[in-house]
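When you get a sec, could you build the whole thing from the sequences and use the hints?
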Amino acid sequence: MATAPKNRPARAKRVRTRITDPDLPLGLTPAQCRHMYRQMVLIRRFEEHAAEAYAQAKVGGFLHLYIGEEAVAVGALNAGRDDDHLLGHYRDHGYALARGCDPKACMAELFGREDGLCHGRGGSMHLAEASRNFWGGYAIVGSHIPIGAGMAYAMQYQQRDQIVLDFFGDGATGNGIFHEGLNMAALWNLPIIFICENNLYGMGATLAEESPVSEMKIKAEGYTMPAVQCDGMDVLAVYETIQRAAEHCRSGKGPFFVEALTYRFRGHSMADPELYRDKAEVQRWRTQDPIPRFGDFCVEHRVCSPKELAQINEEVEQQMLEAVAFADQSPWPDPSEVDRWIYAKPIDPEVNALLEQDGASALLAPEPEVKEAGV
Amino acid sequence: MAVVSYRDAVRGALRDEMLRDQRVILMGESITGYGGSYAVTKGLIDEFGPKRVMETPIAEAGIVGFAVGAAMGGLLPVAELMTVNFALLALDQIVNSAAKFHYMFGGQWSVPLVVRTVSGFGQLGPTHSQTFEGWFASVPGLKVVMPATPADARGLLLASIRDPDPVIFIEHSLLYSTKGEVAAGNGEATEEIPIGSAKVVRPGSDVTLVGYSRMLLQALRAAEVLERDDGVSCEVIDLRTLRPVDYPTLVDSVRRTHQLVLCGEDWRTGGFGSDLLSEMQDRCFDDLDGPIQRVAMRDIPMAYSRLLEKALIPTSDQIVEAVRRLN
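Just so you know, the sequences run in chain order X and F. Residues in the first sequence are numbered consecutively from 1, following the working numbering. Residues in the second sequence are numbered consecutively from 1001, following the working numbering.
These aren't lab readings, by the way, just hints derived from the structure by calculation. Possibly wrong hints are sitting among the right ones.
Claimed, not checked - Computed from the model, here is a short list of chain F residues facing chain X with C-beta under 7 angstroms:
(1) Val1068
(2) Gly1074
(3) Gly1196
(4) Trp1267
(5) Gly1270
The beta carbon of each residue, even a glycine, is placed where N, CA and C say it ideally should be.
Next up, the structure:
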């Protein structure tokens, strides 16, 4: 009789302050859950605003939206470490934002402005921020698969404990470079997670048209690495799977392949009339929308109230309006600087000729100083 | 100074740079136990082990992509592609990855990568006897080097490995056994030959012959014949670097000789010489006393049979004829 009343208020207090929730799986804290929810909303709203800007011709070229697939980037990047190396494909806004890149700088890059992540040289398909070990969106399908393996080798060689997360789509598995990269990663036991976002389409080709097998993991199994599928519309399923994969890689057991079953709600790019798929199919997948799905989870597990979810949405919306305004106001890159960054060490043969007279040791001096001294 | 072969000069530069810098790794097909298709890396596996001399699968695109990633991860990879013909399989990684990242990502990082490969012929047939230096040289973001002598092979390879940008280093199979004097140093900076510097290898006053790689030797031979038989004094320039081209050295020479013959092994149409010709005409039109002459490969796939092959390969005789056309 004496112990019962003592425990009851304590439990009630725990629920009210949400310090921990015994019902949350995977050792997650409420703060982590709110963070992941916010990130998914951030990606969604960012892209909705990007699409609007595209319609207004503020964004040029190609724009590929990740809408529907947010759980993959967010689940995976929260499961890995912040200093793990990240490489993604051209549908790359989600990776940038989930890695913590400033939405303003991302939007400015889409707008082709000087304040963009890559100063307007890369655009939507080539976001990158090396200081966050986000090594880019790669727009040649599959090209970054061996590049990721090479980075993983560099980590292994230098005995650093970072691993590589390399994202690509089902379409990439039909390209030889996919097989070359997996072959080398397995051969040399490299710390890399291959994350295949199987969204059922390689641009406008259905899975059945582009692959003899419907499960991409089968292709990885031939290279003797563990290969698993997970529900890519469920951020926690992705989180759990990548956590397991990361542990495997970090403990020196070699590469790991994860196939996230997902779906893009929008066309391949803004120019896609989506003639190759059934609208009913899109509607069916929309019922799996990872954002409300995880929102429901958060409410059920008392991570936050519906009102707090709405507040997160409002805050993100405000943040996106600021990002668009920032991009709008950012200066255009200076056309006189269009030849900047072709080389890390630009070579001017006129300077070389002078250097030869002075002896090659003058080469040790920094390039700009040599140029001034010589000319 | 020691007299060494072109092959040993390349190997020596690789070895010295590996001893000097732990970040340097080699990777390629059959470069360990086999020693490399042209025996350039022979013995290095014994000295440096499989972590630094990596035997790769036969996967050229994968090799270069992997090397790009290794470079981004902090290493200094030297990737060997068995011949330039096979480099076509890696073109995407060379052009769309290595050459682009520094520019495309706004200067955030560079790709300090060397791709060593080989051009040449010798009854190898249509798919194994090509030269594509012009293709690589057309890509902003790449540096392209083609040494003709053992000393240049060493000095330029040291410079290439130390360069922060991707360098395509093209050797020539028919030069591997040629010999020359090479500094017997241990790789100090003074041994580097700067990328982007041509060299006047034979001064002359009547006509300028520009060659690179094996065609430099053909140009030197032609210069001897022309001096002996025609009393024509040829200035011979070794281009050494194809991107960027050392135009000041070329222009300076043409201003003195007023005649120019460009000697290359790639196809006449769209070959590297086409571009060189266009640029030199722009820069030297008023200095030239006659049309710029070109010696190049005929626009025909290389044939296997000995006499057919001989009918296609550019020679010193053709250079002599080109000079005689001018005079």
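Practice prompt. Go through the hint on Trp1267 of chain F and say holds or violated, using the shortest Cβ distance to chain X against 7 angstroms.
Written response: violated, 25 angstroms
Discussion item. So, as I understand it, the hint says Gly1270 of chain F touches chain X; can you test that by seeing if any CB pair is closer than 7 angstroms?
Written reply: Not OK, violated: Gly1270 of chain F not within 7 angstroms of chain X, min 23 angstroms.
Item to complete: Closer than 7 angstroms between Cβ atoms is the bar; does Val1068 of chain F clear it against chain X? Give me holds or violated.
Response: The hint holds - Val1068 of chain F has a Cβ within 7 angstroms of chain X, the shortest such distance being about 5 angstroms.
Item to complete: Against chain X, run the beta carbon of Gly1074 of chain F and see if the smallest gap drops under 7 angstroms.
Response: holds, 5 angstroms
Discussion item. Hint Gly1196 of chain F vs chain X: min CB-CB distance below 7 angstroms?
Written reply: holds, 4 angstroms
Checked against the numbered hints above, the structure violates hints 4 and 5; every other hint is satisfied.
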